[in-house]
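Participant: Kindly produce the complete structure, drawing on both the sequences and the hints.
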Amino acid sequence: MNISFWHKFKRKRLAVIGATVVLSLILLSLAAPLIAPCDPQAQNLELRIKPPSWAHPLGTDEYGRDVLSRMLYGGRISLSVGFVAVGISLSIGLFLGALAGYFGGWVDQVIMRTVDVVLCIPTLFLILMLIVFLGPNLLNIMVIIGLTSWTELSRLVRAEFLTLKQRDYVSAARASGARDRKIIFRHILPNALAPVFVSATFGIAGAILIESGLSFLGLGVQPPVPSWGNILTSGKDYITQAWWMTLSPGIAIFLTVLGYNLLGDSLRDILDPRLTVGDEHA
Amino acid sequence: MPEILSLRQLRVAFPRAEGAAVNVVRGADLETNPGQTLGLVGESGSGKSMTALAIMGLTPFSAQVSGSARYHGRELVGLREPEYEKIRGAGISIVFQDPSTSLNPVLTIEQQLLETIQTHREISQKDARNLAIESLRSMDIPSPEKRINDYAHQLSGGMKQRILISMALACEPDCLILDEPTTALDVTVQAQILDLVERIQSFNQVSVILISHDLGIVSEISDKVAVMYAGRIVEQGPTADILNVSRHPYTRGLLSSIPELGAPKKTLATIPGFPLNPAELPSGCPFHPRCSRVQAICRQQDPDIRHEQDQAFACWNPEPQHG
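Protein chains in written order, with the numbering used here: chain A, -2 to 279; chain B, 80 to 402.
Hints are computed from structural coordinates only; laboratory data are not their basis. A quick note: this is a predicted structure, and the numbers were derived from the prediction, not measured. Positions of the beta carbon are idealized from the N, C-alpha and C atoms, including for glycine. Heads up, some of the hints might be wrong.
[Said to hold, decoys possible] A few chain A residues facing chain B, derived, Cβ under 10 Å:
1. K7
2. D36
3. R164
4. R171
5. A172
6. S173
7. G174
8. H184
9. L190
10. P192
11. F194
12. K233
[Claimed, not checked] Pair ranges (Cβ atoms, derived):
13. A:L27 / B:D265: 54 to 60 Å
14. B:S222 / A:L123: 55 to 61 Å
15. A:F182 / B:S203: 21 to 27 Å
16. B:Q379 / A:F92: 56 to 62 Å
17. A:F194 / B:R95: 39 to 45 Å
18. A:M126 / B:E162: 49 to 55 Å
Facilitator: Set out below in structure tokens:
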């Protein structure tokens, strides 16, 4: 990544939009304690289900809690689930994919057949089952999403390794006496990272969506701790009277996923040399 | 003179799911001496690069290497990987054909050079860096202390090839294999690289194996020439003999197809037919379908190597010694 990367990035409108959305959501969640007008869990039963006002810009919920504050704190949950889950799946996917692609043979067979088996099980149901067994808390959710989403990444990394290990500079490194470990981590891995970044960006969006879904089903982060999914759930009972309770988390989830997907998409365009030959405008 | 590298009946075969294995190298005999350059010539698919890879122990996973390749008397065929790693780069080095793909695009020249040096030597970062700069300087690279921070894409093809050669020589191996080192370069740079190779070879007493499909280039700087055809060394001998009194019709064919500068214009001589597919070798001498001196026996039996004076060749009906 160098000057030409930033040059291309700046010229891609969708990349800039995606990055702006993602960055501002990250900043807003990080700054939640500073900018939230109220305590997200403080109830005020006199102010139940009030529409947006100056004091409560996004209205209040059925316990009179400030929806904006709950949204900001909920963003922290979504983002941490996104990053930690992808971090876990990235580590597993990179490691297993690298082993399979580099060594080939029976190592490859064992790892890739395991991937096939894991892919056979519908992910959402696997997650639901594990959550039911292990209990719905933030750590479990992050770990379980991470543990069930590494398969595609490992296939991607394996494919990259399969092509990259044939490169002349890999033979040259081996010809100068380099060990396998050095070749894998120093010579091949850095060259394989571009598509991995792209896939990780999509992965964050996916993890956030899964967490919201789990929370919506009541198997995610448990109330009163706010998460976008459980704000949405509690709002759905009042959807005919209090549109603001469902609209805000809906829009937030939509924007976040859209932001990460736009970013991932444009990163792929920028980082893939085969796609950058022609027109670079988005 | 003790030889550095000696190959005896070296074979590389690729087994197939169906049918017989494909023999890419079919019994190569070679030796190299310190301070000498051996030219290994042949057309595409003749097995010359595979011979080099077999020496380095870098043949593809599915290849079966047999026969013998000794480095200072030590058997390389079947050598365990950790032992081989100590020889690669420190004892025998190789420079590949295309300099533009042989450098890692995400690492600087310094990182790659230092890595090679520190793989084989216990040496501080600073000393390694100085050594790297010196080795670049000896390759005629201008302002090496600046170039060392560059990435591959910032350098020209000739520059990259010099860097690769200096990388190959950084740990002072006594055997250097150059696999078509000039094929991807233009003619003037080609000449510079060849000069460099000659200098290295005489200065460091390195034994060089120069692989090329261009007998012209090889004959310029080699002491000995070996000609490969269909995985076999069909003729070898001192360069002057090969150029003047080659015995194998294939060598003659190669020689007559080198264009001569300033010679009157005429149609360039060619060898009829096509290079062989190693999976479908004809019976007998594999060159017989293209040979002008073919006899009945050529179609039935592959000739053994014959030694006459300093030359060795595999032909039933060799060209006469004079004429």
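Participant: Which numbered hints does this structure break?
Facilitator: 1, 2, 10, 11, 12
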